[in-house]
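Colleague: First to last, the protein sequences are chains A and B. Counting from 1, one number per residue, gives the positions in the first sequence under my numbering. Counting from 1, one number per residue, gives the positions in the second sequence under my numbering.
Calculated from the structure, these hints are not laboratory results. Since the structure is predicted, the reported quantities are computational estimates derived from the model, not experimental observations. Honestly, I wouldn't trust all of these hints.
Once the Cα atoms are required to be at most 25 Å apart in a straight line, the calculated SDA-like pairs of lysine to any residue come out as [said to hold, decoys possible]:
#1 B/87 - A/35
#2 A/94 - B/162
#3 B/6 - A/94
On the chain A side, residues computed to face chain B include the following (Cβ under 8 Å) [to be verified]:
#4 15
#5 18
#6 19
#7 62
#8 114
#9 133
#10 137
#11 139
Computed beta-carbon distance windows for the label pairs [as the list claims (entries may be wrong)]:
#12 B/22 - A/19: 17 to 27 Å
#13 B/28 - A/17: 17 to 27 Å
#14 B/6 - A/89: 31 to 41 Å
#15 B/28 - A/6: 43 to 53 Å
#16 A/4 - B/47: 55 to 65 Å
#17 B/161 - A/157: 16 to 26 Å
#18 A/13 - B/139: 46 to 56 Å
Even glycine gets a Cβ: it sits at the ideal position worked out from N, Cα and C.
Protein chains: 2
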Amino acid sequence: MPTGLKTILDNTASAIAGNPSIAAARFAAACELVGVHEVDVRVNNQLIKADQPPALGGSDAGPKPVEIALAALGSCQAMTYRIWSEKLGIRFDKITVDVHGDIDVQGILGLANAVRPGFGDVSVRVRVNGPEPQERYEELKNAVDRHCPVLDVFTAPVPVTTSISANTTSEQQGVTQ
Amino acid sequence: MPTGLKTILDNTASAIAGNPSIAAARFAAACELVGVHEVDVRVNNQLIKADQPPALGGSDAGPKPVEIALAALGSCQAMTYRIWSEKLGIRFDKITVDVHGDIDVQGILGLANAVRPGFGDVSVRVRVNGPEPQERYEELKNAVDRHCPVLDVFTAPVPVTTSISANTTSEQQGVTQ
């Protein structure tokens, strides 16, 4: 069990109890299309590359966005296991999370109106090695699935506002405003 | 406009029309917790690192999972603009997508039952430069938002099955089965 993590979590909880407004956090991702499909994404000072394979006109410079979404889900599950294992005192030695998701690409391409563009089905398989009895790992799983942020993104609707602002050189610009 | 992308998309559509079963695609992400919070995620042959900052006990080896989720959304929006600009014949020179998401971390930590663990609110701001009149970019946005896979993950519930399999060294293992 990592030294000090329980203390960090307890201190965070105490600080929030004293002033709940500090629990509000904002996260950001700045994306630019730099190739046919290639996208540079900056999060904090880190870069994530996204792309499509050559068969779709891309250059395979990074994973596909839907794969990145599954990566977010699997990594969030793993970290939420870490956090809740500390909170519940359930030890483990190793944890892996395998995520699979099925998409019918007719939805993305607008070839079938009844087909949603995203995942029709997703499975998350967690494997844990450790010294606790089986039922404690089931208890841990139940706590994790109630508190995992990215699982919540997948399973419950998130209010999303989209907007576009166009810097157009069209001569029709003045006419259409 | 990228040479050949329209042809690739038209050929894909024709192939699917001839045999819709080829539109079924499966995607995967294999995750392993390799540090306190650090997770190695493998998608195809590519590695994504996820982590938390030192203030939460992590080592900042990569972005947080919730940031990776926003990266998936922004990059998916950008690529869906590319695909639908080809399908609709709406040219653009440059596109950026800025995504922001708000989380009350009381939800993750189980400090307030009424607070969801994931994003309470997300905004997607697209900026496009190009030669088309304003209303054509609005038309493009409407098509993109109906067909973007990761936007669908955020805005509509995805059926997700989670399971855990424990390899436990506990002596109680036999008793509890």
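Colleague: A separate judgement is required for each hint: does it hold in the structure or not?
Modeller: Now the hints, each set against the structure:
The straight-line distance between the Cα atoms of residue 87 of chain B and residue 35 of chain A is roughly 18 Å, inside the 25 Å bound, and the hint therefore holds. Restraint check for residue 94 of chain A and residue 162 of chain B: satisfied, since their Cα atoms lie roughly 18 Å apart, inside the 25 Å limit. Using a Cα cut-off of 25 Å, the hinted pair residue 6 of chain B and residue 94 of chain A is violated, with the two alpha carbons roughly 47 Å apart. Because the closest C-beta pair between residue 15 of chain A and chain B is about 11 Å apart, greater than 8 Å, the hint is violated.
At its closest, the beta carbon of residue 18 of chain A sits 12 Å from a beta carbon of chain B; the interface hint therefore is violated under the 8 Å criterion. A cut of 8 Å between beta carbons decides the hint on residue 19 of chain A: the least distance to chain B is about 11 Å, and the hint is violated. With a least beta-carbon distance of about 6 Å to chain B, the hint placing residue 62 of chain A at the interface is held under the 8 Å criterion. The closest approach between the C-beta of residue 114 of chain A and any C-beta of chain B is roughly 12 Å, which is over the 8 Å cut-off, so the hint fails.
Taking 8 Å as the C-beta cut-off, the interface hint given for residue 133 of chain A holds, the closest approach to chain B being about 4 Å. Using the Cβ-Cβ criterion of 8 Å, the hint placing residue 137 of chain A at the interface with chain B is satisfied: the shortest such distance is roughly 4 Å. Restraint check, residue 139 of chain A versus chain B: the minimum CB separation of about 10 Å is more than 8 Å; hint violated. At roughly 55 Å, the beta carbons of residue 22 of chain B and residue 19 of chain A sit outside the given window of 17 to 27 Å.
At roughly 40 Å, the beta carbons of residue 28 of chain B and residue 17 of chain A sit outside the given window of 17 to 27 Å. Checking the proposed 31 to 41 Å range against residue 6 of chain B and residue 89 of chain A shows it is violated: the Cβ atoms sit about 58 Å from each other. Range check, residue 28 of chain B to residue 6 of chain A: about 33 Å between beta-carbon atoms, so the 43 to 53 Å window is missed. Between residue 4 of chain A and residue 47 of chain B the C-beta distance comes to about 27 Å, which lies outside the given range of 55 to 65 Å.
Restraint check, residue 161 of chain B to residue 157 of chain A: a C-beta distance of roughly 19 Å satisfies the suggested window 16 to 26 Å. Between residue 13 of chain A and residue 139 of chain B the beta carbon distance is about 49 Å. The supplied range of 46 to 56 Å therefore holds.
Consistency with the previously given hints fails for numbers 3, 4, 5, 6, 8, 11, 12, 13, 14, 15, 16, ordered from lowest to highest.
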